[in-house]
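Turn these sequences into a full structure, and let the hints guide you.
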Amino acid sequence: MADIRNFTLNFGPQHPAAHGVLRMVLELDGEVVQRADPHIGLLHRATEKLAETRTWVQSLPYMDRLDYVSMMCNEHAYCLAAEKLLGIEVPERGKYIRTMFDEVTRILNHLLWIGCHALDVGAMTMALYTFREREDLMDVYEAVSGARMHAAYYRPGGVYRDLPDRMPQNRESPWTDAKKAAYRNRNRGGTLLDFLEDFTNRFPTYHAEYHTLLTDNRIWKQRLVNVGVVSPERAKQMGFTGAMLRGSGVAWDLRKKQPYAAYDKVDFDVPIGLNGDSYDRYLVRMEEMLQSNRIIKQCIDWLRKNPGPVITDNHKVAPPPRANMKSNMEELIHHFKLFSEGIHVPPGEAYAAIEHPKGEFGIYFISDGANKPYRMKIRAPGYVHLQGMDEMARGHMIADVVTIIGTQDIVFGEIDR
Amino acid sequence: MDALMNLGVGLFGAAWPAVWTLVKIVLIVIPLMLGLAYLTLAERKVIGFMQVRIGPNRVGPYGLIQPIADGLKLLFKEIIIPGNASKGIYLVAPMLSIAPALAAWAVMPFNDTLVLANIDASLLYIMAITSMGVYGVILSGWASNSKYAFLGAMRSTAQMVSYELAMGFSLICVLMVSGSLNLVEIVQGQQSGRFAGYGLNFLSWNWLPLLPMFVVYLIAGVAELNRAPFDVAEGESELVAGFHVEYSGMAFALFFLAEYANMILVAMLTSILFLGGWSSPVGFLPDSIIWLLAKTSCILFLYLWFRATFPRYRYDQLMRLGWKVLLPICLIWLVVVGIWMMSPLNIW
Chain A
23 MADIRNFTLN
33 FGPQHPAAHG
43 VLRMVLELDG
53 EVVQRADPHI
63 GLLHRATEKL
73 AETRTWVQSL
83 PYMDRLDYVS
93 MMCNEHAYCL
103 AAEKLLGIEV
113 PERGKYIRTM
123 FDEVTRILNH
133 LLWIGCHALD
143 VGAMTMALYT
153 FREREDLMDV
163 YEAVSGARMH
173 AAYYRPGGVY
183 RDLPDRMPQN
193 RESPWTDAKK
203 AAYRNRNRGG
213 TLLDFLEDFT
223 NRFPTYHAEY
233 HTLLTDNRIW
243 KQRLVNVGVV
253 SPERAKQMGF
263 TGAMLRGSGV
273 AWDLRKKQPY
283 AAYDKVDFDV
293 PIGLNGDSYD
303 RYLVRMEEML
313 QSNRIIKQCI
323 DWLRKNPGPV
333 ITDNHKVAPP
343 PRANMKSNME
353 ELIHHFKLFS
363 EGIHVPPGEA
373 YAAIEHPKGE
383 FGIYFISDGA
393 NKPYRMKIRA
403 PGYVHLQGMD
413 EMARGHMIAD
423 VVTIIGTQDI
433 VFGEIDR
Chain X
1084 MDALMNLGVG
1094 LFGAAWPAVW
1104 TLVKIVLIVI
1114 PLMLGLAYLT
1124 LAERKVIGFM
1134 QVRIGPNRVG
1144 PYGLIQPIAD
1154 GLKLLFKEII
1164 IPGNASKGIY
1174 LVAPMLSIAP
1184 ALAAWAVMPF
1194 NDTLVLANID
1204 ASLLYIMAIT
1214 SMGVYGVILS
1224 GWASNSKYAF
1234 LGAMRSTAQM
1244 VSYELAMGFS
1254 LICVLMVSGS
1264 LNLVEIVQGQ
1274 QSGRFAGYGL
1284 NFLSWNWLPL
1294 LPMFVVYLIA
1304 GVAELNRAPF
1314 DVAEGESELV
1324 AGFHVEYSGM
1334 AFALFFLAEY
1344 ANMILVAMLT
1354 SILFLGGWSS
1364 PVGFLPDSII
1374 WLLAKTSCIL
1384 FLYLWFRATF
1394 PRYRYDQLMR
1404 LGWKVLLPIC
1414 LIWLVVVGIW
1424 MMSPLNIW
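For the record, the sequence lines run as chains A and X. Start counting the first sequence at 23; every next residue gets the next number (the numbering used here). Start counting the second sequence at 1084; every next residue gets the next number (the numbering used here).
Just so you know, the hints here were simulated from the structure itself, not pulled from any lab data. Nothing here was measured: the structure is a model prediction, and the numbers come from that model.
Computed cross-link-like contacts, BS3-like style, restricted to lysine-lysine with a CA-CA straight-line distance of at most 27 Å:
id, chain 1, residue 1, chain 2, residue 2
1, A, Lys71, A, Lys399
2, A, Lys202, X, Lys1128
3, A, Lys319, A, Lys287
4, A, Lys319, A, Lys279
5, A, Lys201, X, Lys1128
6, X, Lys1156, X, Lys1170
7, A, Lys243, X, Lys1407
8, X, Lys1170, X, Lys1160
9, A, Lys278, A, Lys258
Now the structure itself:
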């Protein structure tokens, strides 16, 4: 009799649920996964190596392209690490702006995550609903930085510029008549903060819609409960962070444990799960969105009342105001040096991590005092989470592998970097 | 009509009955094909509106030419045969899929007299013919020699077998109460009853006394059709496209057409078996084929609504639902109906 071999399935990299370019070799017994072997590197762009040949500010836009669904958070970690080496303080307003945009980014990320996760599990409508809400936040990104995705808004020492006083308007065009344009501009009359506040007021309603569609849905529960269970001990051993760790019941959040930016001054809760299954992680992330909404509201209030500088006045790091540059020799030299050589960072090592939407995102720098880092190392949360794939998927069915990919919230920009 | 018959006999002589049957087949198939082409458009539009978007609106006014454009596109595409595929079976499979989907329409009644073949065992015929459809799926999955297609075919086979049972049992209840396998008689049986006497015909239809069976049939019907939330056989996010992953061009289109033809078939069967077919819901309006089409459309809308709302079942959960939930309900209700019919409370 011929011996029975397991079925080996090459899952991805061209697969609708591969979230980019995940290639997974699945060993199947019938439909049951015996071994899941993730292969990475198909999106490798050598970000770490590239950073060694570029000035400190030039490398910053590469951060956007790491985890390309939570752009500003990546920049934040980069700036924090650089600031640690430089030993400079960010102005209070800059810190609040960063906090606010980190949370906007968290909502952006979680919206994309819940949309894709639901799409993977088969509820395709969610993806389109979340994209409706993402559109508003993308507009916020655009208003502040000029780009909808790859913002490059943070700088070592603060943020590039203050929040704009008016939102970009929709204009009449052959495809958009005056009525439609006016309708689209209905909440764009005020400042960026007004627009964002309008969003935060609407968001809980949208959030409730998602709960209605999914949370108590029997099929959704059957697909998520007890799928990909990770015990708290195992989660810590494997280096899980973020919602993957909190879903297992470990209350670890860098925003609380090692506060950075303005997180020690805002009020928010850290939701944790009980069972460490996909459903708990789903609930954790859903609640995180509401908490982010809360933080954004507090930041809006603070930012309205407290005008001030948004970037450090150390002009060896941040460019001087243009007017000063025209009248002051020293500032002109600063400007010239900054835009030709770039920042000089004192020799040393620094690691800074932030609570990224996906987990702990850290940047480790070694500087030799030159105008570019000697070495940069990125700690990407998704990379660590992906190593748990085999353990989480073993014994489950193919359909659960898709659920687990979704619940890990992996993005290949940061895993392959 | 008689004049037409005489003219036909005069023109074709003894071959006239065969020609007349062919004409009738064409008269059924063409509206059916148009219907399923526009069902694809309706699906995209309906789901589009449910998903806060517009759906196709570029080809023709409101996108009305879209299905024709899609058809033309598929027609002109190359049918790619994978190198390792078993060529003969690979090409036969789509035909095996579409043929039963169309053949089943032979006995479908549209009103008391408008039916191609009014045979006594028409329900049995439909059951037998639609069961053949699974061969197309199995053979395509097997002949493609692709792992995703193979998994899809395996899932589909198991699914069809399990849901056919629940479906069969719910049909048995209908047979018991109407005492006939003939679809026309099943509809006529629903036109009388206590409520029909008051002019509230819709309360006399089978759906009310056989409510659990109606629900079971509706669910099993969706599962039979491999549609969301039971679309594990093609489960886009798991198996890419399942059994037809290797097919392209018209060969793919045949699977697609078969799926939609089956959708309309099952929806129409549901309205005939449980919703009184062409009978009018209230006494003062005449019976008409329009009622049948309206009921069918409502059920089709339900299918689209399901697809836009529900996540997909996992394969084993689908089996569990079929064997552990639907089948026991059927068995219990079968006994209940049997006792009911034997008791003095019998309403049939």
